[in-house]
Amino acid sequence: QTSFYGRFRHFLDIIDPRTLFVTESRLKEAVQLLEDYKHGTLPPGVTNKELWGAQKIKQAIIHPDTNETIFMPFRMSGYIPFGTPIVVGLLLPNQTLASTVFWQWLNQSHNACVNYANRNATKPSPTSKFIQGYLGAVISAVSIAVGLNVLIQRANKFTPATRLLIQRFVPFPAVASANICNVVLMRHTELEEGIDVLDNNGNIVGSSRIAAKHALLETALTRVVLPMPILVLPPIIMSILEKTSLLRSRPRMILPVQSLVCLAAFGLALPLAISLFPQMSEIETSRLEPEIAMATPSKTVVYNKGL
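All the letters of the sequence shown, read from the start, carry residue numbers 6 to 312 under my numbering.
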């Protein structure tokens, strides 16, 4: 995971929706195969392809810190199939106040669950923090979206067509701001208590608040980059496509076409955004707390950034 391309290939496996259909028995087989490899007890005839396949299944389904199965809709492999209908709803034209509130609430509810399911879980976090982050994200998203819509409606300088076009871009600042709020509030405990950092052998060296700050900054930046192509590209593309004779003569095709555009944008944006930083990030011990640097001869340690 040292290069962007390497991480991109890695996360394409993590978000592969085909892993949603892996059975419980197949998952157990994959985990057991990796355990056998780890202890040098692999059955004869096992190929590298089978080992990589088992690794792909485990990484897509099992949380790296808790070793528990992540609930299907909240896995990164479920983010696109379960999130695309929400994106389509967010980008529907002529939103009412009620529909704006509903889609922003549903989006942040889904985001909150995905954030929690893929968090750094080396330190226990109280449920109250999850609720605090969730409420903060929902309130900020709804407030920004509704506020911007009201401002646009009251702007007399815009023609109806221009107003409609601008309204289509409202979801992005609302979602991006709420995503930051969601990550910071939900994972604030990590800033107070630190997160585990590991040496080259995978042994816990200690808990670092500085590493936690890096983890949250990287995750927050990812959460700003992620909605950019998803909520900015489709309005631009649809504003062009809706002027074509095909969609003008067949208005019922607008929603299916918009859904496909959103699906394509989501499929491109997710692996690009989460590939910005390694999931297991590396940091020099000299940049961490003195007690961490003194506790290990390693010059670098790693921590789980979360997704």
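In short, the hints are calculated from the structure, not lab data. Do not take every clue at face value.
Unchecked claim - In silico lysine to aspartate or glutamate, EDC-like type, Cα no more than 16 Å apart, as pairs: (1) LYS61 x GLU29; (2) LYS61 x GLU40; (3) LYS304 x GLU287; (4) LYS218 x GLU198; (5) LYS134 x GLU29; (6) LYS63 x ASP21; (7) LYS33 x GLU73; (8) LYS54 x ASP70; (9) LYS61 x ASP18.
Here is what the structure says about each hint:
With a C-alpha separation of about 15 Å, the suggested pair LYS61 and GLU29 falls inside the 16 Å cut-off, and the hint holds. Simply put, LYS61 and GLU40 have alpha-carbon atoms about 14 Å apart, close enough for the 16 Å limit, and the pair holds. Between LYS304 and GLU287, the direct Cα distance comes to roughly 10 Å. Compliance with the 16 Å bound is thereby established for this hinted pair. Taking the CA atoms of LYS218 and GLU198, the gap is about 11 Å. The hint holds against a cut of 16 Å.
Restraint check for LYS134 and GLU29: not satisfied, since their Cα atoms lie roughly 31 Å apart, outside the 16 Å limit. Proximity of LYS63 to ASP21 is assessed by CA-CA distance (about 12 Å); at most 16 Å being required, the pair is judged to hold. Among the hinted pairs, LYS33 with GLU73 is consistent with the structure: their alpha-carbon atoms are about 12 Å apart, no more than 16 Å. Between LYS54 and ASP70, the direct Cα distance comes to roughly 25 Å. Violation of the 16 Å bound is thereby established for this hinted pair.
The hinted pair formed by LYS61 and ASP18 meets the criterion: a straight-line CA distance of about 6 Å does not exceed 16 Å.
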